[in-house]
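Below are the chains, spelled out letter by letter.
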Amino acid sequence: MMIWIGLAGTLGAILRYSLGRWISGKLGTAIPWGTWIINISGSLLLGLLYGWHQSEMISDGLWVVWGTGFCGAYTTFSTFGYETIQLLTMKRYLSAILYVVSSVLLGVAAAFAGVWITA
Amino acid sequence: MKELLYIGAGGFLGTLTRYALQLGIPSANVGFPWAVLLINAIGSLFLGWFFTIAAPDKITPQLRLAIGTGFTGAFTTFSTFTLDIVRLSENGMWTKAVIYIVASLLAGLLLCALGIQLGQLMRGKPSQDGTA
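Here the protein sequences line up with chains A and B, keeping their order. Counting with this note's numbering, you get residues 1 to 119 for the letters of the first sequence. Counting with this note's numbering, you get residues 1001 to 1132 for the letters of the second sequence.
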């Protein structure tokens, strides 16, 4: 089991890096759109998995591998914090506040939507 | 392409370290997600320090990606944080949900800033990295 959780985490981390680079290539780096989209989409996916697990449509194993392993590693809190501090250091206070508030609000809404759809 | 190997290896270890801590810290019993709060706080402190001390001239880009983006990125998590908020709210534990959000954000941001300060102190100069 441990090896599968780790491998799902490997996949999540690689996808986060690749997708993050692709998004910032498209949308620029003034706002950390990459992490923003990743954290919100990962919250939606974890919500879906949680709902499916609650209604016993997926096993405990799948829930841990894809939930804890993949979604956990795909999304990130430390980069989110680091990017916010960088915005504050650049005196881009409004961007920093909007980044934090929208990440949390939309992330929670996405997780809620995922649970609501599948539960 | 080679950089993906480094990030993947870091992600593997970061994910399993987080999983071990989640199993080790009994959050479910006390009804408050202590494990993830602690994981995100420690990871934010570490990333601030690491990205500051491990400046591009001090470390290979591959190692920076493996430890920073791979390990620390996968060690901390945002989706479990948001799902935990939904779970607390569903159970009517609104106060706990609000405390969890505020504590996570305050700890994450303050500790990340502290980590950057520490890194700058250890590098021995007031760095202006990242400023435009």
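A couple of the hints might just be wrong.
As a list, the in silico DSBU-like pairs of lysine-lysine whose alpha-carbon atoms are at most 35 Å apart [what the hints assert, rightly or not]: (1) B:Lys1096 / A:Lys91; (2) B:Lys1002 / A:Lys26; (3) B:Lys1058 / B:Lys1002; (4) B:Lys1096 / A:Lys26.
It is worth saying that the hints were derived from the structure and are not from the lab.
Taking the hints in turn, this is what the structure says about them:
no., hint, result
1, B:Lys1096 / A:Lys91, "holds (32 Å)"
2, B:Lys1002 / A:Lys26, "holds (23 Å)"
3, B:Lys1058 / B:Lys1002, "holds (20 Å)"
4, B:Lys1096 / A:Lys26, "violated (39 Å)"
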